[in-house]
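Q: Could you build the full structure based on these sequences and the hints that come with them?
Under my numbering, think of the first position of the sequence shown as 767, with each following residue one higher.
No wet-lab data here; the hints were simulated from the structure.
Taking lysine-lysine pairs in the DSSO-like style, the calculated list, with each CA pair at most 27 Å apart, reads:
| no. | residue 1 | residue 2 |
| --- | --- | --- |
| 1 | LYS812 | LYS802 |
| 2 | LYS802 | LYS896 |
| 3 | LYS852 | LYS812 |
| 4 | LYS802 | LYS852 |
Now the in silico label distances, taken between C-beta atoms and shown as ranges:
| no. | residue 1 | residue 2 | range |
| --- | --- | --- | --- |
| 5 | LYS896 | SER853 | 33 to 43 Å |
| 6 | ARG859 | ASP823 | 19 to 29 Å |
| 7 | VAL796 | GLY865 | 38 to 48 Å |
| 8 | HIS824 | LYS852 | 18 to 28 Å |
Fair warning: this is a prediction, and the values are worked out from it, not measured in the lab. Each residue gets a CB set at the ideal place from its N, CA and C atoms; glycine is no exception.
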Amino acid sequence: MGGGVLGVGATIVGMAMRRKGSKPADDDNVGWTMDKLRDGTLIRVKVYPERIGRLSDHHRAILTEEARDRGMTLLEYVGWVGRMPKSELHVYRDRVRSGSGGPRLAAVYDAWLSARMAVQGVQTLQRGWKPGEPDRWV
767 MGGGVLGVGA TIVGMAMRRK GSKPADDDNV GWTMDKLRDG TLIRVKVYPE RIGRLSDHHR
827 AILTEEARDR GMTLLEYVGW VGRMPKSELH VYRDRVRSGS GGPRLAAVYD AWLSARMAVQ
887 GVQTLQRGWK PGEPDRWV
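A: Here it is, written out as structure tokens:
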């Protein structure tokens with residue numbers, strides 16, 4: 767294999783947000799990345815690499831090999847995969863769909879999708895239901 771499937775990864779800076787009435791816990795304030803859905807709904811995503819226990823053995827083996835090829839631990843690599851921007855992920859999706867990436871990229875891409883589902887936490891910004899009620903992350 768050697769070298770991993772990708773080149774250099776992107777760095778994402780999280781935006782701290784806090785729900786009304788919540789305690790300033792690490793979970794609510796650190797590491798969130800903001801995004802917007804097609805309909806304009808604001809969402810935020812946080813990666814929890816420690817959730818790698820949710821991966822299948824098959825996907826874990828693929829990701830472990832890719833991590834080793836990059837000189838990373840599995841935890842570091844899965845965190846990187848979880849933070850990969852959708853625009854970058856879609857470049858590889860398109861290569862897989864066109865067949866230009868070969869079977870290895872297809873297997874790695876499938877493992878990435880599984881890893882992202884396992885380690886990403888997603889919240890949407892819900893507008894206050896009553897006048898004057900604050901928006902909240904759910």
